[in-house]
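With the hints as your guide, set chains B and C with the ligands onto chain A.
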Amino acid sequence: MSKPKAAFYWCASCGGCEEAVVDLAEAILDVVQAVEIVLWPVALDFKLEDVQAFRPGEITVSFINGSVRSSEHEMWVKLLREKSQLIVAFGACAHLGGIPGLANCTSRDQIFQNKYVRSATVVNPKNVLPQTQTWVDQYNLELPEMWNTVCCLDQVIDVDYYLPGCAPPPDSIAKAVQAILSGNLPPKGSVLASEKSLCETCPRNETKPETFTIDSFRRLATDTPDPEKCFLVDGFVCMGPATRGGCGERCIRGNMPCRGCFGPTPDTLDQGAKFLSSLGSVSRGKTVEEARSFADSLADPLGTLYRFSLPSSLLQRRSCNKEVS
Amino acid sequence: MPTEPFEPKLIGFLCRWCAYTGADLAGTSRLQYPSNLTAIRVMCSGRVDPTFIIKALADGADGVLIAGCHPGDCHYSEGNYRTQRRYPLLTDLLDQFGVERERVRLEWISASEGERFAQVVRDLTETVRALGPLQWKQRREALA
Amino acid sequence: MTQRITINPITRLEGHGKIEIFLDAAGDVERAFFQVPELRGFETFCLGKPAEEMATITPRICGVCPTAHHMASVKALDDLWKVEPPPTAKKLRELAYNSFMFEDHLLHFYYLGGPDFVVGPVAPKAERNILGVIGKVGLEVARKLIQIRKDVRQMLETMMGKVIHPVFGLPGGVSKGMTEEERAEYLKIAERAVEFAQFSLTVFDSIVLQNDKLLDLIFDEAYEHKTYYMGLVDKKGRVNFYDGDVRVVYPNGKELEKFSPWEYREHIAEHVEPWSYITFPYLKRVGWAGFVDGPSSGVYRVAPLARLNVCEGMATPLAQAEHDRMYATLGGKPAHQTLAFHWARLVEALQAAERMRELLMDSEITGREIRTRPTATPQEGVGIVEAPRGTLIHHYWTDPKGLLTIVNLIVATNHNAAPIAMSVEKAARASIKHGEVDEGLLNMVEMAFRAYDPCHACATHTLPGQMPLRARIHDHEGHLIRVLCKDGP
Ligand code: SF4
Ligand code: SF4
Ligand code: SF4
Ligand code: FES
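Protein sequences appear in the order of chains A, B and C.
In terms of this note's numbering, the first sequence has 76 at position 76, counting the first letter as 1, and numbering is strictly consecutive.
In terms of this note's numbering, the second sequence has 63 at position 63, counting the first letter as 1, and numbering is strictly consecutive.
In terms of this note's numbering, the third sequence has 349 at position 349, counting the first letter as 1, and numbering is strictly consecutive.
A portion of the hints provided could be inaccurate.
To be verified - Derived DSSO-like pairs (lysine-lysine); straight-line CA-CA distance at most 30 Å:
no., chain 1, residue 1, chain 2, residue 2
1, A, Lys-175, C, Lys-150
2, C, Lys-401, A, Lys-175
3, C, Lys-254, C, Lys-235
4, A, Lys-229, C, Lys-90
5, B, Lys-137, A, Lys-188
6, C, Lys-150, A, Lys-286
Read the hints as simulated data drawn from the structure, not as lab findings.
Bound conformation, chain A alone:
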């Protein structure tokens, strides 16, 4: 019997998801033994035509990391969808949009202006900007067009499973691969991680009373978290209540609060809104003024509550009338 075929592909990715695969260390050799890798752009030279030549469904599983933000990405992931039985969105970027998805609070124009014109070190008197087509003498050079909006994978193709995390921890990668190889899979659409919230497995949960209140949030800039207390009780934003467990509470063990890379808890539509909801009982005040000052202590709610999930959130991006016209 021939080995199952597996493909890896990356869209707008930082490479950390690939590193996570390398961190499987010896375990990776087992994976190699069990599957035939038919696409891995960082490591192997397979051509577009090679993938096109596959029959629909001939690839058992494609792992795709990075967020989707150009027509080139779109073309590739649609092709892989057609040729694969299973698509796994690998890592926070593919799952939720990830940190690059924060670009949805700005626009391509602003990004270009800041990078190529207003930058503190750029010298660009003619306001040159990257172009999708450039003629240098008689030679034509092309660049892919960047989308204004960063997408997560399931906004572009149908996704079977999600492997959360930025980056996913090696043990959860190994588990997922095992599950796929053995066919022992949960229902389609599942996130391959815990069904609990991070708080439920957090070692600091014991220090978190049933009800507690705080006056205002503290900033990591000027305060150091207590090494044992629940961050929220201690006054720091910790996304634990709205975040799916399964990461091994990595940040918490580093004495830093969770920023939510595992995405929303099960059955949660919107990670940011869910966290916001939990804040109602956390702040103390009974007056409008107190509520206002509590809100003021949380700088940048959008970037904090949707650190990893802006593209997959209900509103998906910033938009205002001004920008449309």
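Chains B and C with the ligands only, in chain A's frame:
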């Protein structure tokens, strides 16, 4: 040809113990107020998860009203305080998304304040009318 | 006849890199373009955020060297709030940073760039990968390699919460200290790290330096560029990855300038081309003269060889001896051989390991005071570190609340973008004459490329891996007339 006046679509999350009854009263008293608001009865304003509000806006509402019992009158004692605490955070957040704060309003309306309810709806309708349609989906897609 | 050659090396350069080579009417190389087809816009989407979050946001610029971004960011935050971390915190950061340098350099040597040398540039493609390296150096060594990397990365995970995208540094210090038990355990790892780095140099010695063919390759003129060099040095002018002043030397090795991180804008500017999303930094004092080397072109190089070229010496004794040996072999300082980056990388790995050991022998590292609480009103801060791939600059401006108003980042691969394009062009010139494309082209281009270590996500070369290259040659009407493939099955 005059363009059709914009009729805002509003969703109201109304606490059954107070504002919802207030709305009923406004209706039975035949008070004049615009029919733009679709009322949804909730057990307590404290139960209005920010998710509902954001989802309403994402799905086509132009504005949202959250109405509950006056401070101190909540049947679950703390519910409306919770809402009050979340409200400024929610509007800050919406502002960052580019949704004008005025589109989401929090009001305390007792069961007997039919006229107040009518007034709030009139106000919100006019405020949102002045802001224009939200049409989140179209706006968002225009920026894709 | 005009030909167009596209090489799609798919490297990890904030996106997938691409090279276009154009031939003139005579069939010789007229120009090579190195394009980066992606931009993510961190400088813009971070605006308005609390500055301290940059330490955990910016690592996502590159998951291959997240620790470098983390540290550059944290140092910019120290500067922003004008706080000096307590000695313990500083040592913990330096330890984490040197450990990261060590394992990253090793990964590059054994998994990515090394196979060219260790297994040999003309070895069958199926052997030119980590498995081939294992075959050559033996399973015992391979096991040691995997073990030491695993141990160091495990230690980093414990120290910094996460090894990919750490959560550790805070303005004025770190989030977590170290226990005595941990120190004892890590010291053992550091000892082994030093040994392994030394051993790796002997591997390089016996396999590369004792082999005339490989030595010739290092000295091959096609892999040479006489550029300026840039790197951080400490007060005594020695290599320092974590801290110091930026020193720039002329192609002849004389000092052009030395400046503090705060002054970088007076010395570095960036050039924009419409055909790439990456910018091309150059030395302001010299000016942008295009993609050329020599003293009248502001193009400079960074990364291991550049750092060794700018320093007065190494900061640790064993590395110093290796440094001397390297320059004796290469014919003095500075060395311009692009392929010597690999050698320099191993010398640096040794310094990093020695520093790990030094820091872990210092009992202050387990001190309890790990943070100086910032109290000043923030305004502007600059942080510079040496990432494995070169000088990395973070510069933030904030409002009085510490919310970001301007962000300027110059990442390691930025600096090398122009040199990479030039190296590729040079390799192409050497192997394309009168329209005849030598089969060796791709090999040379690939080796030129790898020397810069454009990023080691490419080092997921654990598998049959090779950096895949393909040249498509088109006639002047755009018809595909020939495809050159390398290492593709
Ligand atoms: S999920 Fe995290 S590690 Fe993976 S590509 Fe995105 S930013 Fe990098
Ligand atoms: S809020 Fe954070 S620290 Fe507290 S229990 Fe939840 S995950 Fe743990
Ligand atoms: S603690 Fe939160 S942010 Fe950190 S790894 Fe776990 S889920 Fe991700
Ligand atoms: S019961 Fe009306 S607001 Fe709580």
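Here is how each hint holds up against the structure:
Restraint check for Lys-175 (chain A) and Lys-150 (chain C): the C-alpha separation of about 19 Å stays at or below 30 Å, so the hint holds. With a C-alpha separation of about 44 Å, the suggested pairing of Lys-401 (chain C) with Lys-175 (chain A) is violated against the 30 Å cut-off. Pair hint Lys-254 (chain C) plus Lys-235 (chain C) holds up; C-alpha atoms about 18 Å apart against a cutoff of 30 Å. Pair hint Lys-229 (chain A) plus Lys-90 (chain C) holds up; C-alpha atoms about 25 Å apart against a cutoff of 30 Å.
The suggested pairing of Lys-137 (chain B) with Lys-188 (chain A) holds, with an alpha-carbon distance near 27 Å, which does not exceed 30 Å. Between the alpha carbons of Lys-150 (chain C) and Lys-286 (chain A) the distance comes to roughly 52 Å, so the proposed pair goes past 30 Å and is violated.
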